[in-house]
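Residue numbers (the numbering used here), protein chains in the order written: chain A, 3 to 121; chain B, 7 to 495; chain C, 56 to 479.
Derived by calculation from the structure, the hints in this document are not laboratory data. Predicted model only: the values in this text are computed from it and were never measured. In this text, a Cβ means the ideal position worked out from N, Cα and C, and glycines have one as well. Do not take every clue at face value.
Derived contacts from chain B toward chain C, CB cut-off under 8 Å, selection only [unchecked claim]: (1) Lys72; (2) Cys197; (3) Trp395; (4) Pro403.
This is what each chain is made of:
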Amino acid sequence: MEERTLTCIRCPRGCAVTVVLEGDTVVSVRGNSCPRGDTYARAEVTNPMRVVTTTVPVHGSDIECMVSVKTAGDVPKGRVFDVVKALRGIEATAPVEMGDVILANAAGTGVDVIATKRA
Amino acid sequence: MQNSDYDVVIVGAGVSGCATARELSRLEARVLVIEREEDVCCGTSKANSAIVHAGYDARTGSLMAKLNVEGSRLMPALCESLGVDFMRIGSLVVCTSEEMLPGLEELRQRGANNGVEGLEVVDRPRLLELEPAVSHAALGALWAPTAGIVNPFQLNVAFAEDASVNGVDFRFNSRVSGLSRDDDGCWHVSCSTGNVTCRVVVNAAGVHADELHNLVSTDKLVITPRRGQYYVLDTTAGAHVRHTVFSQPTVLGKGVLITPTTAGNLLVGPNAEDITDKEGTDTTAEGLAEVAEKSSVAVRDVPLREVITSFSGLRAHQPGHDFVIGEVEGAPGFVDCAAIESPGLSACPAIGRMVAGIVRDILALAPKPVVTPWRSEFVSLERATTEEWAALVEKNPAYGRVICRCRKVSEAQIVDAIHAPLGARSLDAVKRRTEACMGRCQAGFCTPKIMEILAREVEGMDMSDVTKAGPGSGIVVGTNKDGLAGDGR
Amino acid sequence: MTRYDVVVVGGGPAGLSAALSARGEGSRSVLVVERDTKLGGILNQCIHNGFGLITFNEELTGPEYAARFEDRALAAGIDLMLDTMVLDLSDDRIVTCVNATDGLVRVQAGAVVLAMGCRERPRGALNIPGFRPAGVFTAGTAQRLVNIEGLMPGREVVILGSGDIGLIMARRMTLEGAHVACVAELMPYSGGLKRNIVQCLDDFGIPLLLSHTVTRVEGEKRVEAVWVAQVGTDGRPVPKTEVRYPCDTLLLSVGLLPENELSREAGVELSPITRGPVVNESLETSVTGIFACGNVLHVHDLVDYVSQEARVAGEHAGAYADLIAAGKTPEKGREIALRARDGVRYTVPQSLDPRRMADRLVVRFRVGGVFENRYVSVYLDEERIQHRKRSILVPGEMEQVILKRDELLAHANLSEITVRLEED
Chain A
3 MEERTLTCIR CPRGCAVTVV LEGDTVVSVR GNSCPRGDTY ARAEVTNPMR
53 VVTTTVPVHG SDIECMVSVK TAGDVPKGRV FDVVKALRGI EATAPVEMGD
103 VILANAAGTG VDVIATKRA
Chain B
7 MQNSDYDVVI VGAGVSGCAT ARELSRLEAR VLVIEREEDV CCGTSKANSA
57 IVHAGYDART GSLMAKLNVE GSRLMPALCE SLGVDFMRIG SLVVCTSEEM
107 LPGLEELRQR GANNGVEGLE VVDRPRLLEL EPAVSHAALG ALWAPTAGIV
157 NPFQLNVAFA EDASVNGVDF RFNSRVSGLS RDDDGCWHVS CSTGNVTCRV
207 VVNAAGVHAD ELHNLVSTDK LVITPRRGQY YVLDTTAGAH VRHTVFSQPT
257 VLGKGVLITP TTAGNLLVGP NAEDITDKEG TDTTAEGLAE VAEKSSVAVR
307 DVPLREVITS FSGLRAHQPG HDFVIGEVEG APGFVDCAAI ESPGLSACPA
357 IGRMVAGIVR DILALAPKPV VTPWRSEFVS LERATTEEWA ALVEKNPAYG
407 RVICRCRKVS EAQIVDAIHA PLGARSLDAV KRRTEACMGR CQAGFCTPKI
457 MEILAREVEG MDMSDVTKAG PGSGIVVGTN KDGLAGDGR
Chain C
56 MTRYDVVVVG GGPAGLSAAL SARGEGSRSV LVVERDTKLG GILNQCIHNG
106 FGLITFNEEL TGPEYAARFE DRALAAGIDL MLDTMVLDLS DDRIVTCVNA
156 TDGLVRVQAG AVVLAMGCRE RPRGALNIPG FRPAGVFTAG TAQRLVNIEG
206 LMPGREVVIL GSGDIGLIMA RRMTLEGAHV ACVAELMPYS GGLKRNIVQC
256 LDDFGIPLLL SHTVTRVEGE KRVEAVWVAQ VGTDGRPVPK TEVRYPCDTL
306 LLSVGLLPEN ELSREAGVEL SPITRGPVVN ESLETSVTGI FACGNVLHVH
356 DLVDYVSQEA RVAGEHAGAY ADLIAAGKTP EKGREIALRA RDGVRYTVPQ
406 SLDPRRMADR LVVRFRVGGV FENRYVSVYL DEERIQHRKR SILVPGEMEQ
456 VILKRDELLA HANLSEITVR LEED
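Just chain A, same shape as in the assembly (with noise of 0.2 Å):
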């Protein structure tokens, strides 16, 4: 039996929580205020995920040269990089709408790159 306590980044609580393991199953978990943090604490000692944000070049835009993404939902903490470096040489194009598909299935995640602002 295994006890590991880790702070929930789902919200900006941070609430330390406590997951008990028997080898790779999750026995309990205690210490979370809400529901959300139950599952954050079970996936993150599990299997991390987390949202990737960051940005790609626009170009045709009066606005902006530069637009903000995210993943559309999360994605395994390891393939974090895989996905920020699938993005390099992404270029979108004016117009864009928040939530135009940037990059579909990034690094075969199955998650999609997703535009957050407009240009």
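Given chain A, work out where chains B and C should sit, using these hints.
Chains B and C only, in chain A's frame:
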């Protein structure tokens, strides 16, 4: 006479070199200024107290005394004609120890001997009237009404622009590595951007003037860099004192001065430390602590917590403690303009005249029949009325776009600084000409905007090419993701 | 001279929220003056997520959060002056501003809302010794270069300051291909959110050096190295603990300062602790008719609270403007002081009049150190009315208590309200 590339090469584009260049531009001569940095005003000329001393401090009979007093007399009209900020706010040497009081009278006498007008020793009651912020230990002072403050960057730039408009060439990012004189009496200047020949060399090379001098003469000149560190306080502290306040030196040594600047800041410093490194323009914890400690001697409650930046400057000090100006024996046509430490800035109009006079006599130069009058347009929106500002925007809409919000510097001024003669090509060059980046946010807000303007206005410059102060000081190192490893990170 | 019921200085999250609530049902004329070419303020460059969890129950990036308010503001018929800088604000609420198309413009406002945000403390204010090369940036300036211009400030980075901006930039620089050697923090605790320590430092193995500071910058033209030393309990570098970090970039996240130059010129009284205007329950400053909200009032951590605070300011500004428009003179309130004591560093507001309060008033505060197992207590004179246990309180996380008007009105001869920390 043989054909040389130029008649005169001036090494160094500080206030001495540029004042000389400006004076020479009134004569029939082909003049080149060679400067190792990317712009004028990059050495001692940009890191000093910005004071135009009255002239009582220098030893009577010295060149320093003579040229200080002459420079101080010339400065107001000169600044007026060039459009440079100058304010005759007067200075006080404050005495804080009983046994040093007679020293004030000595100083007054020396000043009178030097030709300084209006000097007066004042007692504490009168001192308090003049300067309410003096410390409780202040017993009296020497009051020098002719002392003033000047904007040294504007002065240096204005000299250079005037010289350039009147035919003087300038080369930047150029180091002089060698000097030799051929049998025809022509000087060969080895320079990193191409060798140049001339008939006269003016050595205005600041802390490096000894190195240049010693290439041509066995009578060695020794210049010791004497570092001084300063605090710059926010304009909210700018009215803490009304005049430049010096501390009279005591047995413990020289004190520091507290002075308003022409831009409305408060300057505190400098200390004095002889170092060996001629590039030693860094500040140190010890030096800044020393300045902080000494700041309270003559003036009460100096609000050091309103500091916005600190800097250090190197004075070109030589053991004889006087300017070294003149044609070097055994090196005909090589003219020193060296060891220009304080009161160098105060004296520079007179230095320029003296050196140009020496060169004129060597080469028998005739005056030009026509000189293009020059006025540098240093606009200050901080001090403009709303009506004046409105009129400027009418004339040029770019005055309506504020780029440096701390000092209210508009896009128009920055564009003008770029397109002026010897126009700005770096952030620091823009800063010197416009006051941008010199406010309380210290360029945090305006840096990306000025980069954009430079990239737009300068041919062949992208935002990624913009530097703080010339080659090697790029602001950015590349574009996003260009440093990501292909694999295996 | 143009007239508006409410003029809002600043079009960031605070300004937009205030403008929206000032606009109300559309009966009042509202103008937002913004110096950038677009609305959104600092959120435009905050491309990371974590915004909006409280307001929208969604985790949004900065630009997305800003767009929500921008769209609503435009739909509500709020007038804008973009690329325009406010130069002066008089105490009778004449706003003087300048832009390239209209030149100098004066606007008479019924009420003004200050929402200018804050600026970063620069290196110069810390007197870090050494050279002054290129490569020293405040974290926000670096963030702008990376996120708006697509330019990399550097490749080998040391960060001073573990506030959220420093932590966010540690991650941002790393994700763009730079190497962040460490984050040094003067205090023995981090100033940022715990979640940011995890997702910005731990995730990338970037060490956090608490009780450390940068003592020297090397490099004449461009940063070549910085020296990092331990700091003693007196806050001063400990001799002989300096370590040299070769690098080309130093990012500074060493404090945010509300930008109140305009406020000061208008005669608005500022608090030396928050560095923002002293305000009453309506978020009105010492100059009647001038209100303040957001980072210009006090530095916030969460934009959701900025929006809440700004909404209150906008409502009151709107109500004030109605009185002015009707030719009435607003009554002077009876100011009861709110005191911050015993571990509470400040409260916003600093005073209130219970008769002018809404049913509930949010009083925001920060503590001055790290406190474990303390009670947040509210006293009306000597009577304690709130006593809530908190396991941990830190300076980097803004807190709040809620005061009920009825409770305050019921307390006879109320002269002072105190917010303090107690051990039991």
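Consistency of the hints with the structure:
1. Lys72: violated (35 Å)
2. Cys197: The hint is violated - B:Cys197 has no Cβ within 8 Å of chain C, the shortest such distance being about 20 Å.
3. Trp395: Status holds, d = 6 Å.
4. Pro403: B:Pro403 check passes; min Cβ-Cβ to chain C is 4 Å, inside 8 Å.
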